[in-house]
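S.K.: Sequence:
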Amino acid sequence: MASKLATELEPAKYSQETESLVKRLAGPSSGKAGLAKDQTEINRIISDASKGSKFYENEKKKDKELTVRIDKILKQRDEAINGADIAKIEADIDQLICKIESQRDLTQIIVHVDMDAFFASVELLDNPDLKGKPFAVGKGILTTASYDARKYGIRSGMAGFIAKKLCPELIFVPNHYARYSELSNQVMDIFHRYDPDMCPAGCDEGYLNITSYCEEHSMTAEECVQDMRETVFRETKLTMLAKICSDKNKPNGQFQLEFDPESIKSFMYDLSIRKVPGVGRVNERLLDAIGIKTCGNIFTQRAVLSLMDKQFGLVFLLRTYLGIANNTVQAHRREERKSIGAERTFASLENIQKIHDKLAEVAAELESDMDETGWTGRTVTLKFKLDTYQVCTRAKSLDHWVSKKEELYAIGKELLAAELPVKIRLIGLRVTKLKDLRDTATNGIKRFFESANKDESPRKKARLDPEEFEDNDNMDEAMPGYHENDETDYKLEDDSLEGDEVIDLTNTLEDVSGGETAVSQTRRPPHSTSNSHASSKLEPPKRPRSNSEAKPVIKPISKTLEMHECPICGKTLETDNQGLNAHVDFCLSRGAIMEAQGSATKSIKDTSTYKGWPKPESSTKSNSKPSTFGKTRRPVASKRGK
DNA sequence: GCGGATCAC
DNA sequence: TATGGTGATCCGC
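Counting with our numbering, you get residues 186 to 827 for the letters of the first sequence.
If you're looking for bench data, these hints aren't it; they were derived computationally from the structure.
For clarity, every value in this text was computed on a predicted model and none was experimentally measured.
Some hints could be false.
FRET-style restraints, in silico, Cβ to Cβ [what the hints assert, rightly or not]:
1. 253 - 580: 22 to 32 Å
2. 326 - 455: 27 to 37 Å
3. 240 - 465: 42 to 52 Å
4. 563 - 345: 32 to 42 Å
5. 602 - 353: 39 to 49 Å
6. 451 - 381: 47 to 57 Å
With a cut-off of at most 16 Å between alpha-carbon atoms, the simulated EDC-like pairs for lysine to aspartate or glutamate come out as follows [as the list claims (entries may be wrong)]:
7. 590 - 542
8. 590 - 557
9. 581 - 592
10. 618 - 584
11. 450 - 279
12. 570 - 592
13. 620 - 556
14. 246 - 202
15. 608 - 535
16. 422 - 412
17. 608 - 542
18. 350 - 226
19. 422 - 311
20. 208 - 226
21. 590 - 554
22. 208 - 242
Quick reminder that beta carbons are idealized off the backbone N, C-alpha and C, glycines included.
The whole structure should be built from the sequences, with the hints applied where relevant.
M.R.: Shown next as structure tokens:
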């Protein structure tokens, strides 16, 4: 279990590349599994291409810091274990597990749906010639890669020049955000039919509680999701993948997709801890250090986790082990927003005047966004990234509300002045301690306007704004970052289901949080600072919203079975990836022919003036919700001993 | 309240 | 030949 012991003494080897560094360089999506064979070569190419760069050096530095941090945690562990009554501890935890288990609620059917390689699919839709070819969307940093490109190890978030090395024939396709927004709106619109209070997660995925829909339409969860997928394909010609890992207990058992505690636990047992929302690259390594690679290992190592509850968050992990998550789904509410900001990366600058110019641009952009979305705030945070990739933030709280670019710029300049001289490659501004200028309850004037407008939705209002109309064809929500489907690679590798999907083990404990409290909250475990050592605590992701309960949205990894479900016809095939691809192509072409005329809008790509990433507002869609902006699954907390 | 970190998308 | 942008949360000060 001990991965590399921290002490990197090895003066001999100058820059020894640790396994973790190579993995880190491979990118955040570097899940696990897989293609050990090729992946090694791929990682080598990526590493070689990066070597020597400032980016590389920074990654190396972070990797070393993490190694040191892990070493401290291991020492803490050893001290804690020494003399501890492990048997007693485990017995206590087993009781805790029973308590948590007793709160499992299988009454809600919650699904996570996700468009398949969204950006790439849209490009393919608009340019069929790309079919079968390795292509990537985006320049500089790739927003997504086609399935054919993924075979070369190319992933979203990867630098274009690295991708080119992995696949010289790679075709680069520019982003067409307006198109993605358009289709995203269509898809979200469809999702809302199944759950009006669905929670969008980025532009191409969402969480839906389809319990009511199934009841009202006398449908099973499978039928409902199948119907949803067909509707999405019929109306957008895009494929959507969804899988239901949960189902409601039916009166008359005839469950194919078992939905009982045992089946769920069985599913979770071999699931990589990395698949758990909130467990990123860092926490994956920390957990690995104490012998936890899979959710099943959580149980195995429960005593250690208990002794180090502060660092890892025992309850959160036990819930994960049991496959118990939050069972509520709710759209984000406007008032939940905590911040709004803008930032830009550029070729490193040292010249203060030029830096100020960049700052002014960011300030103007932020003012524009704040104005369009109706926010103002009291704290301004300047962010800048040094030439070395080290990120720094400097904040200032004020006694009044700020939102004008002149002031944002002035504050940013002041904060930056204290840091000079600097050579930076990014600068940004963020405003927090927000006040909602559209809050009808606290703003009489606004209320008047809104009622006069007869439209409660801020979004529609925005739509009336000419300026907004222009650069906004976006979607409801903030466009997600890249990383459309980081896990798809693995899935493909595993021969598992393609796409992503799904999910959810819905269960939940209505409230471990509020209720019985026997379970020490997952949410915010008491933290005593005991050791000042590095620690990290895992906390429950807040994903689907609402509660703070953990919510394991797990994307199923294939069971190594060679069974594939066609995303189009839903048929299960026993074949390999190529066979599946061929079948999918067939289904797509047939569907395309059939649906062709209907809404053929092949639409011309809107090369127009799309400005950067989509902004949060907008609409065009009738029923969109108030905007949810980026969501977060956050569980981990970290603390690091410096 | 501030700054660093981690994570998701 | 040059590694993104937006938002959230947590921890230790």
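S.K.: Each hint should be assessed against the structure and marked as holding or not.
M.R.: Now the hints, each set against the structure:
1. Against the hinted window of 22 to 32 Å, the Cβ-Cβ separation of residue 253 and residue 580 comes to about 28 Å, which satisfies the hint.
2. Under the hint 27 to 37 Å, the C-beta atoms of residue 326 and residue 455, about 33 Å apart, fit the expected range.
3. The hint said 42 to 52 Å for the Cβ distance between residue 240 and residue 465, and at roughly 19 Å that hint is violated.
4. Remark: the range hint 32 to 42 Å for residue 563 to residue 345 is upheld by a beta-carbon distance near 40 Å.
5. Checked against the hint of 39 to 49 Å, the C-beta distance between residue 602 and residue 353 comes to roughly 47 Å, which is consistent with it.
6. For the hinted restraint 47 to 57 Å between residue 451 and residue 381, the CB-CB distance of approximately 34 Å leaves it violated.
7. With a CA separation close to 12 Å, the supplied pair residue 590 and residue 542 stays within the 16 Å bound.
8. Pair hint residue 590 plus residue 557 holds up; C-alpha atoms about 13 Å apart against a cutoff of 16 Å.
9. For a cut-off of 16 Å, the pair hint linking residue 581 to residue 592 stands: about 12 Å separates their Cα positions.
10. Under the criterion of a C-alpha separation no larger than 16 Å, the hint pairing residue 618 with residue 584 is consistent with the structure, at around 11 Å.
11. Among the hinted pairs, residue 450 with residue 279 is consistent with the structure: their alpha-carbon atoms are about 15 Å apart, no more than 16 Å.
12. Our distance criterion of 16 Å between C-alpha atoms is broken by residue 570 and residue 592, whose separation comes to about 22 Å.
13. Among the hinted pairs, residue 620 with residue 556 is consistent with the structure: their alpha-carbon atoms are about 12 Å apart, no more than 16 Å.
14. Among the hinted pairs, residue 246 with residue 202 is consistent with the structure: their alpha-carbon atoms are about 12 Å apart, no more than 16 Å.
15. For the suggested pair residue 608 and residue 535, the alpha carbons sit about 4 Å apart, so the restraint of at most 16 Å is met.
16. Restraint check for residue 422 and residue 412: satisfied, since their Cα atoms lie roughly 14 Å apart, inside the 16 Å limit.
17. Of the supplied pair hints, the one linking residue 608 and residue 542 holds, its CA atoms being roughly 14 Å apart against a limit of 16 Å.
18. Distance restraint check for residue 350 and residue 226: the Cα-Cα separation of roughly 12 Å lies within the 16 Å cut-off, and the hinted pair is therefore satisfied.
19. Taking the CA atoms of residue 422 and residue 311, the gap is about 11 Å. The hint holds against a cut of 16 Å.
20. Of the supplied pair hints, the one linking residue 208 and residue 226 holds, its CA atoms being roughly 12 Å apart against a limit of 16 Å.
21. For a cut-off of 16 Å, the pair hint linking residue 590 to residue 554 stands: about 11 Å separates their Cα positions.
22. With a CA separation close to 14 Å, the supplied pair residue 208 and residue 242 stays within the 16 Å bound.
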